[in-house]
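A.B. asks: Residue strings, one per chain:
2 protein chains.
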Amino acid sequence: MNQASIDVVGIGNAIVDVIARADDAFLERERLVKGTTALIDAERAEALYCLMGPAIEASGGSIANTMAGVASLGGRGAFIGKVRDDVLGKVFCHDLTAQGVSFETPAATAGPPTARCLILVTPDGQRTMNTYLGACAELGPDDIDSDLVCAAQITYLEGYLFDPPLAQQAFRKAAAVAHAAGRKVALSLSDPFCVERHREAFRDLVTGHIDILFANEAEICSLYETGDFTAAAAAVRGLVGIAALTRSAEGSVILAGRAEHPIAAAPVARVVDATGAGDLYAAGFLYGLIRGLPLPNCGAIGSLCAAEIISHLGGRPERKLSELVAAARDAGDWLRLYC
Amino acid sequence: MNQASIDVVGIGNAIVDVIARADDAFLERERLVKGTTALIDAERAEALYCLMGPAIEASGGSIANTMAGVASLGGRGAFIGKVRDDVLGKVFCHDLTAQGVSFETPAATAGPPTARCLILVTPDGQRTMNTYLGACAELGPDDIDSDLVCAAQITYLEGYLFDPPLAQQAFRKAAAVAHAAGRKVALSLSDPFCVERHREAFRDLVTGHIDILFANEAEICSLYETGDFTAAAAAVRGLVGIAALTRSAEGSVILAGRAEHPIAAAPVARVVDATGAGDLYAAGFLYGLIRGLPLPNCGAIGSLCAAEIISHLGGRPERKLSELVAAARDAGDWLRLYC
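Chains as they are written, first to last, in our numbering: chain S, 89 to 427; chain A, 89 to 427.
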């Protein structure tokens with residue numbers, strides 16, 4: 089196996105977020121389930137946008153957010169995902185490459201527009217997402233650059249890719265290529281409803297095909313159809329190399345073989361917007377792994393990155409994460425707990 | 089004169105902001121003058137965007153920001169400005185109307201795209217703006233709805249409108265219609281370089297044709313070609329009904345006849361982004377005037393609104409300003425000083 093020339097290649101939906109504040113009554117009126125992601129068509133996207141308050145636009149996409157985080161930490165990353173050759177596609181491409189992430193997937197020149205996710209942020213800081221997949225449905229196996237996947241130490245796959253059928257084929261191709269090259273494959277379960285839609289496929293994958301699994305409490309519970317986190321954690325233990333299970337303010341739990349590492353959440357003054365919390369946790373965790381740090385340190389860096397992202401609107405880091413990590417280490421505060 | 093059915097109609101450039109962080113070295117390299125606005129063409133906009141870091145998109149435009157603020161305070165407002173029928177035009181229209189501002193100017197169906205302003209925010213919170221006017225250059229006298237102007241207690245004009253020649257005609261028509269209907273006309277000087285470009289025209293206007301003038305220190309000094317704020321303030325005194333002159337952290341000074349009211353800046357924990365500070369000061373001030381409050385109260389509400397806007401990225405309020413004002417009044421803190 090050759091030395092990996094990049095750290096992580098992320099494969100996911102290429103999405104621009106449209107973020108507005110909303111109250112709980114709005115969610116109820118529009119029958120939205122707080123904290124989850126709904127898939128919507130173009131017509132519903134149009135209607136919902138009209139009902140939403142003033143918004144800001146910011147590049148998003150779960151794994152794309154993670155890749156932005158990896159780059160902000162100093163890691164070498166690339167992204168594979170599909171935009172259309174339109175204004176939002178250009179915005180997505182600019183923001184990712186300006187962050188230092190390589191992004192070469194050709195934009196679609198026909199078909200639906202670049203994907204957008206209408207995000208409602210409630211006063212409690214929770215985000216509720218409504219994704220119009222648009223051009224993401226055009227991502228297919230041909231977009232998977234095998235050389236790129238072989239060159240990456242870790243290939244990180246977005247669970248949401250199971251929604252567009254062609255993308256699911258791209259996902260399977262990438263995983264096969266990575267493993268054939270002796271690389272690691274990481275997976276995010278993305279969303280409890282996404283897990284529900286593809287439960288059997290995810291269970292098959294998780295059973296022996298995934299090296300690093302990211303899931304939050306709702307997702308891992310959905311995968312094993314239980315309301316009990318401990319039971320869900322017990323079910324996944326041993327099936328994957330490492331499972332990093334996040335629990336919002338309660339921090340995370342890392343399972344690896346028989347070991348179990350509870351990780352505290354990093355302190356945050358006020359949760360402004362939970363968008364990207366899981367994505368940036370994954371960024372910190374993967375960055376730690378790449379640098380060969382012990383698992384508790386990986387989790388602690390993940391917590392720190394998640395704390396940055398939830399302290400402002402949007403799912404991309406506003407501050408340079410490498411500086412945050414260095415400052416936390418120098419200050420000798422909570423990072424030391426795990427050193 | 090009939091009762092005004094709306095409070096303020098704002099006429100200005102319809103712009104979507106593209107906001108990125110940058111360091112001072114970037115400004116120097118690109119020969120940008122911190123805190124000012126440069127006009128750029130499509131080619132330069134493209135080149136500068138490529139050089140900028142990851143960005144967010146948010147509706148902007150000086151007077152449009154003010155109108156969003158007036159609506160957030162509970163005032164009845166309308167906006168006249170020109171977008172193209174493209175994605176950014178739709179974003180601009182959505183954000184303004186979702187805020188409660190009436191916006192009926194027809195979008196251009198041909199010609200240049202919706203205007204954008206590339207904003208670099210330095211670590212000190214200062215913003216440096218680069219505006220590609222695009223469709224704004226299409227705003228003309230025919231877009232001025234005379235009935236709307238007659239129905240508004242105050243017509244608020246953006247100094248930047250002097251840059252596109254047709255818009256300047258629209259500006260003059262609106263001012264004439266408003267005064268003929270016995271309404272008040274307010275003007276923002278917008279930017280010191282804008283004043284420099286149109287100094288004679290602005291001096292003519294300010295001499296007897298403007299009821300309420302907004303300017304910051306650099307702008308009023310540019311208008312009277314002096315480096316001394318006191319001299320500039322003395323020069324404008326008596327030429328306009330009211331002059332509200334802002335001085336960043338040093339607050340503002342309101343001149344009206346022989347009276348002079350110094351107003352403190354409202355406290356703010358950290359200046360994240362100065363974008364919109366003057367615009368939102370104007371929103372608070374105009375809202376106070378409409379409600380018939382004494383001038384020092386108008387200034388204090390302006391300061392409060394400015395403090396909200398500089399505490400986050402972008403020039404549109406994130407919190408409901410009417411609630412902020414109510415809270416400050418109830419808390420009996422600094423607002424009371426002026427009551």
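Some clues are possibly wrong.
Each pair may be met inside one copy or between any two copies, as identical chains are not told apart.
Claimed, not checked - Here are the simulated DMTMM-like cross-link-like pairs (lysine to aspartate or glutamate), alpha carbons at most 20 angstroms apart as the crow flies:
(1) K178 - E192
(2) K122 - E348
(3) K178 - D111
(4) K178 - D212
(5) K261 - D212
(6) K408 - D111
(7) K408 - D418
(8) K408 - E134
(9) K408 - D212
(10) K408 - D112
(11) K178 - E131
In short, the hints are calculated from the structure, not lab data.
A.B. asks: So which of the earlier hints does this model not fit?
C.D. replies: Violated: hints 2, 3, 4, 5, 8.
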